[in-house]
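Residue numbers (our numbering), protein chains in the order written: chain S, 1 to 319; chain F, 1 to 319.
Hints may be right or wrong, so weigh each one.
Any copy, or any two copies together, can satisfy a pair, since identical chains are not distinguished.
In silico lysine to any residue, SDA-like type, Cα no more than 25 Å apart, as pairs [claimed, not checked]:
#1 Lys-120 x Leu-17
#2 Lys-120 x Asp-309
#3 Lys-120 x Thr-106
#4 Lys-120 x Ser-101
#5 Lys-120 x Pro-100
#6 Lys-120 x Pro-281
#7 Lys-120 x Pro-59
#8 Lys-120 x Thr-284
#9 Lys-120 x Ala-18
#10 Lys-120 x Leu-23
#11 Lys-120 x Leu-11
#12 Lys-120 x Arg-245
#13 Lys-120 x Phe-308
Worth flagging that the hints you see were computed from the coordinates, not collected in a lab.
Protein chains: 2
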Amino acid sequence: MSGSAETIGDLGEGATLARIFPLLPESSRTILGPGDDCAIVDVPGGRVPLTTDLMIEGPDFIIGLSTGYDIGWKACATNLADIAAMGATPTALVVGLAAPSTTAVTFVENIARGFHDAAKLLAPGCGVVGGDLSRGPVVMLAVTATGDFDGVTPVTRAGAQIGHLVAVAGQLGGAKRGLDLLLEHALVDGQPNPAAVDELWAAHPADIGAQLRPEPPIAAGRAAALAGASAMMDVSDGLVLDARRIATASGVAIDLDLAAIGSLEALTGGEDHAMLACFPPLATIPPGFRVIGRVASGEGVVVDGAPFDARGGWDPFAD
Amino acid sequence: MSGSAETIGDLGEGATLARIFPLLPESSRTILGPGDDCAIVDVPGGRVPLTTDLMIEGPDFIIGLSTGYDIGWKACATNLADIAAMGATPTALVVGLAAPSTTAVTFVENIARGFHDAAKLLAPGCGVVGGDLSRGPVVMLAVTATGDFDGVTPVTRAGAQIGHLVAVAGQLGGAKRGLDLLLEHALVDGQPNPAAVDELWAAHPADIGAQLRPEPPIAAGRAAALAGASAMMDVSDGLVLDARRIATASGVAIDLDLAAIGSLEALTGGEDHAMLACFPPLATIPPGFRVIGRVASGEGVVVDGAPFDARGGWDPFAD
Numbered sequence: 001m002s003g004s005a006e007t008i009g010d011l012g013e014g015a016t017l018a019r020i021f022p023l024l025p026e027s028s029r030t031i032l033g034p035g036d037d038c039a040i041v042d043v044p045g046g047r048v049p050l051t052t053d054l055m056i057e058g059p060d061f062i063i064g065l066s067t068g069y070d071i072g073w074k075a076c077a078t079n080l081a082d083i084a085a086m087g088a089t090p091t092a093l094v095v096g097l098a099a100p101s102t103t104a105v106t107f108v109e110n111i112a113r114g115f116h117d118a119a120k121l122l123a124p125g126c127g128v129v130g131g132d133l134s135r136g137p138v139v140m141l142a143v144t145a146t147g148d149f150d151g152v153t154p155v156t157r158a159g160a161q162i163g164h165l166v167a168v169a170g171q172l173g174g175a176k177r178g179l180d181l182l183l184e185h186a187l188v189d190g191q192p193n194p195a196a197v198d199e200l201w202a203a204h205p206a207d208i209g210a211q212l213r214p215e216p217p218i219a220a221g222r223a224a225a226l227a228g229a230s231a232m233m234d235v236s237d238g239l240v241l242d243a244r245r246i247a248t249a250s251g252v253a254i255d256l257d258l259a260a261i262g263s264l265e266a267l268t269g270g271e272d273h274a275m276l277a278c279f280p281p282l283a284t285i286p287p288g289f290r291v292i293g294r295v296a297s298g299e300g301v302v303v304d305g306a307p308f309d310a311r312g313g314w315d316p317f318a319d
Numbered sequence: 001m002s003g004s005a006e007t008i009g010d011l012g013e014g015a016t017l018a019r020i021f022p023l024l025p026e027s028s029r030t031i032l033g034p035g036d037d038c039a040i041v042d043v044p045g046g047r048v049p050l051t052t053d054l055m056i057e058g059p060d061f062i063i064g065l066s067t068g069y070d071i072g073w074k075a076c077a078t079n080l081a082d083i084a085a086m087g088a089t090p091t092a093l094v095v096g097l098a099a100p101s102t103t104a105v106t107f108v109e110n111i112a113r114g115f116h117d118a119a120k121l122l123a124p125g126c127g128v129v130g131g132d133l134s135r136g137p138v139v140m141l142a143v144t145a146t147g148d149f150d151g152v153t154p155v156t157r158a159g160a161q162i163g164h165l166v167a168v169a170g171q172l173g174g175a176k177r178g179l180d181l182l183l184e185h186a187l188v189d190g191q192p193n194p195a196a197v198d199e200l201w202a203a204h205p206a207d208i209g210a211q212l213r214p215e216p217p218i219a220a221g222r223a224a225a226l227a228g229a230s231a232m233m234d235v236s237d238g239l240v241l242d243a244r245r246i247a248t249a250s251g252v253a254i255d256l257d258l259a260a261i262g263s264l265e266a267l268t269g270g271e272d273h274a275m276l277a278c279f280p281p282l283a284t285i286p287p288g289f290r291v292i293g294r295v296a297s298g299e300g301v302v303v304d305g306a307p308f309d310a311r312g313g314w315d316p317f318a319d
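If we strip away everything but chain S, and leave its shape as in the complex, we get (with noise of 0.2 Å):
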């Protein structure tokens, strides 16, 4: 840890995580490993998803801004999406929770509520089947969750195909907008104003929805994979980074078109688990999603014609 020596910071997530990749162990149970929105792990009779995300009190919410109910919430509802963007519906979730000693009961009381909530809504009859609490410095919570594919195959990134057509279900756009309006309007010299944060809540209830407690189209990702979805991954880092993710792990252009999305906002902004998945020219899009672009030859993200290359994305290490 010595200062002239090469840090996570310097390296960024994408390089450090290239750098760590090859260093661990394979499993040979391994159907689909790191790179997708989940893990795919072959147990006896059939495959079974597995993902895990961290949120930690700093990068990810700022107590104050975000309620417990609010910080739980989303991380359930951002771990079910990614279940549901490789077509599988989620099943059961393991929770880790780590909090300093002084944290009040009540707070990870509302944190367990979130939970209970967005598995109702999002995704009734998968709940949490287990977990760890442990102090450290902040709150952080670790959240794994796991589903069944139920007779589909796993939609994964690299299916896409010249001439299939891109389409999204879900907003774009509102959970940034919500973050502008809450590091805006309810940060006052780096404190969290509460008040202010009910406030924005009354005025901007869908954009300030969208960013501390998202609603992802669960349902949408397994109607996509019965309706022969070829690629698909939820929108968690910015529609452009996530669709040249697609793009390189096919080997192909994603072509998208300005209109159709709505604002430039909406291209660049993260965050907001919408289901992004390309579908054979003449399958039946299924309900909830809008045709936004085509699969083309070549590579990256073209928007209306013109690469598009700003980065348009989220980093925990470069943000």
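Since the structure of chain S is provided, determine the placement of chain F on it from the hints.
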């Protein structure tokens, strides 16, 4: 988070969890929920164990006493032990890692190498299939493991019956001795001295190894299940505290023989990740297990005929 509110430090881990469990969403796929080493989730064609654990800089390790390699090794080994303690063979891990941006990349690579070597030694074929990397104020690892029951009935904490034998595989007490040595000789004014750690490794390899790079008897867990073990867990919080958990879950007393255990230190020290199992009287106790007591009527833990109420265990908020 106001100062007058009840804190999770006031309540401790167990009581906080008791407050949270009723609040969490239930999974319709739960075969076994919170409270054992793993949850068990129904999947098409079978059931899978799922366990998660946090390891946090400060409460769980001190960088400079532990290397990155040690931290990865221990995080891997302890999660493998939870899977083994259900009678399953570990198959896959997902790993969430949070670290400050200033963390050296080599440190993170060494964590990965520790995972690699621990999995290779302790559970060949099991590997890391996914994960998440994020920024945090300290180094935090969140590991989730799954496995394969491969035809055996999961062994929970609740099946011990009066007259069954209590046996343990693996060492007891070494992790506590190793920790005491490290805290006494390698921590100067709260600052770790890596050179002193090297000297301790040379002088006390078994005890320092038990603390920094534990080698839980993973294969013994499955062997116990195949031999008909009626209850099992890995000893992660001290033999007395963990034996009491089996006693409580099974509605019996656990009567231990101090001479067979070897020392008071082995009785109360934690973190050795030995396998503690109960067997029917006519079962063939598998190699590696030694009998240390018997299941009796009553409640709690009895040592040499007298109730043993010393807490003898680890609570992340109390210690």
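Structure-based check of all given hints:
| no. | hint | result |
| --- | --- | --- |
| 1 | Lys-120 x Leu-17 | between (34 Å within a copy, 21 Å between copies) |
| 2 | Lys-120 x Asp-309 | neither (39 Å within a copy, 42 Å between copies) |
| 3 | Lys-120 x Thr-106 | within (21 Å within a copy, 42 Å between copies) |
| 4 | Lys-120 x Ser-101 | neither (29 Å within a copy, 36 Å between copies) |
| 5 | Lys-120 x Pro-100 | neither (28 Å within a copy, 35 Å between copies) |
| 6 | Lys-120 x Pro-281 | neither (35 Å within a copy, 46 Å between copies) |
| 7 | Lys-120 x Pro-59 | neither (27 Å within a copy, 34 Å between copies) |
| 8 | Lys-120 x Thr-284 | neither (29 Å within a copy, 47 Å between copies) |
| 9 | Lys-120 x Ala-18 | between (37 Å within a copy, 21 Å between copies) |
| 10 | Lys-120 x Leu-23 | between (39 Å within a copy, 12 Å between copies) |
| 11 | Lys-120 x Leu-11 | neither (39 Å within a copy, 28 Å between copies) |
| 12 | Lys-120 x Arg-245 | neither (31 Å within a copy, 31 Å between copies) |
| 13 | Lys-120 x Phe-308 | neither (39 Å within a copy, 44 Å between copies) |
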